[in-house]
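Colleague: Please put together the full structure from these sequences, using the hints given.
Letter 188 of the sequence shown, counting from 1, is numbered 191 in the working numbering, and no numbers are missing.
No wet-lab data here; the hints were simulated from the structure. Bear in mind that the values here come from a model prediction, so they are computed numbers and not experimental data. Don't take each hint at face value.
Per label pair, the in silico range of CB-to-CB distance [as the list claims (entries may be wrong)]:
{"hint": "1", "residue 1": "420", "residue 2": "309", "range": "48 to 56 Å"}
{"hint": "2", "residue 1": "257", "residue 2": "309", "range": "34 to 42 Å"}
{"hint": "3", "residue 1": "253", "residue 2": "405", "range": "13 to 21 Å"}
{"hint": "4", "residue 1": "172", "residue 2": "238", "range": "19 to 27 Å"}
{"hint": "5", "residue 1": "108", "residue 2": "246", "range": "17 to 25 Å"}
{"hint": "6", "residue 1": "308", "residue 2": "253", "range": "30 to 38 Å"}
{"hint": "7", "residue 1": "239", "residue 2": "416", "range": "43 to 51 Å"}
{"hint": "8", "residue 1": "219", "residue 2": "268", "range": "47 to 55 Å"}
{"hint": "9", "residue 1": "342", "residue 2": "15", "range": "24 to 32 Å"}
{"hint": "10", "residue 1": "366", "residue 2": "104", "range": "37 to 45 Å"}
Subject to a maximum C-alpha distance of 25 Å in a straight line, what follows is the list of computed DSS-like cross-link-like pairs (lysine-lysine) [claimed, not checked]:
{"hint": "11", "residue 1": "6", "residue 2": "320"}
{"hint": "12", "residue 1": "8", "residue 2": "161"}
{"hint": "13", "residue 1": "444", "residue 2": "320"}
{"hint": "14", "residue 1": "8", "residue 2": "320"}
Even glycine gets a Cβ: it sits at the ideal position worked out from N, Cα and C.
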Amino acid sequence: MFKDKQFIADIMRIALPITIQSVIMSLLSMADQLMVGQLGEVAIAAVGISAKLTSIVSVVLGGLAAGISIFCAQYWGKRDETSIRHLLGFGLLIGLLFAGALALLVGCLPRWAMSPFTTDETLLNEGAIYVQLLAWSYLPCMLTMMYSAVLRSTGQVKLPMYASTSAVVINVVLNYLLIFGHLGFPKLGLMGAAIATCLARSIEFLIILVAAYWQRHVVAFRHLGELFGMEAGLFRRFFATCLPIVMTELLWVLGESGYAVVYGRMGTDEIAAMTMTYPLQGLAIGLLCGLAGAASVLVGNRLGAGNFDGAIDYANKLIRIGVLFALAVGGLVALASPFYVALYGTSAEVQQMGQFCVLVFCGFLWVKVANMIVAGGVLNSGGDSKFVFAMESMATWLVGVPSGFLMAFYFELPVYWVYLVLSFEELVRLMVGYARVRSKKWVRSLVDDEPQAALAEA
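Modeller: Pasting the structure below:
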């Protein structure tokens, strides 16, 4: 694996910029939360609830973006720029309808949106304004995700990275000014954090848009007509592949929201403890998610070009390297966990609960990363989205969610034990997914009029 110079070069070219962008975005989230964390448990819990609401938007749109990326990667292998623009146009249209509707709903009814996660009136009152303002960041996030998906799948991975870097710097500076009222700015607390995030997300997209036109990337359409006119065969193939991906992501994020309901109903301290772990989780996953992105692009490029043996070879190597790096990152995060939780202005009890939750996460990190590469990268790159949908739904709703509710409300275990038990769904998912990879039934081209499967043994 490490002796294959072409493989390593491809990983560095695709995975490294995606990883850097993801790490930068995780640092943005961590900066947000550490600054807000100085305001106490209620503020941290409010950020945690808002993150779950935002994740419903980002994960579903991420599924749509993943479907677009799968097809764009294969069309880029054939150098079909017209179809790529049609895919971008379709993604923008669906994304606008979805993100716009949820922004309007959460923006107008913030307390209602928060109510499934908590019954704490103080949390509902103080968190509503943060949730309400942050809802308006859904639209620039959607635009960034759609454009970034196409840019990455066509090999243009640095532009989204540069835009994210700029967004982090802007967000951190605005947080410093608006949360605490430095340099003559008003001291807005949670409201300031929400305003900073909305502005940073908007500027991030503007950077991508301006640079794309300046450098004449494939996403730089000259008139709206170039975005529409998707031919019927492509639409059918895209819909058949993308719908299961979107439904998979939707059911997954609803499952994650179910877990948040469990933590929130256990108490404000419990959801604060779990919320403390989210930025660190995001940073660890961000360090490794570039491998899943690379799997989608590199395996998809080879499938689109008809190089089925090369696709299988890259898939296996990416899974192995992902597990190795995840074990190393998990160990480092575990060592850093006591220092990390001490940065929050919370009670010692909440800090201890947060540290135990981080340790549980570290123990399952290698499984999570393997699942990202297997399902999100390898299987979906060949259009095996229906199988992924069935696998993800089974693991989340037959294993994870029921065990979480049972451990929390019947056995009344501490939050870190609840998190440990429900995390076993990841192992179920990995066993099923890796067996599918070994079967080679996912190996097929999606860009022909009649998608062709590889002649591989089942």
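Colleague: If a hint holds in the structure, say so; if it doesn't, say that too.
Modeller: Here is how each hint holds up against the structure:
1. 420 <-> 309: 48 to 56 Å: Hint holds: Cβ distance 50 Å, inside 48 to 56 Å.
2. 257 <-> 309: 34 to 42 Å: 38 Å, holds
3. 253 <-> 405: 13 to 21 Å: 19 Å, holds
4. 172 <-> 238: 19 to 27 Å: 40 Å, violated
5. 108 <-> 246: 17 to 25 Å: 22 Å, holds
6. 308 <-> 253: 30 to 38 Å: This hint holds: roughly 32 Å between Cβ atoms.
7. 239 <-> 416: 43 to 51 Å: 48 Å, holds
8. 219 <-> 268: 47 to 55 Å: For residue 219 and residue 268 the Cβ distance comes to about 52 Å; the hint holds.
9. 342 <-> 15: 24 to 32 Å: 31 Å, holds
10. 366 <-> 104: 37 to 45 Å: Holds: the Cβ-Cβ distance is about 38 Å, inside 37 to 45 Å.
11. 6 <-> 320: Cα-Cα ~11 Å, so holds.
12. 8 <-> 161: With a Cα-Cα distance of about 21 Å, the restraint between residue 8 and residue 161 holds, given a limit of 25 Å.
13. 444 <-> 320: Satisfied, since the Cα-Cα distance of roughly 18 Å is no more than 25 Å.
14. 8 <-> 320: 13 Å, holds
The structure is inconsistent with hint 4 alone, although it conforms to all the rest.
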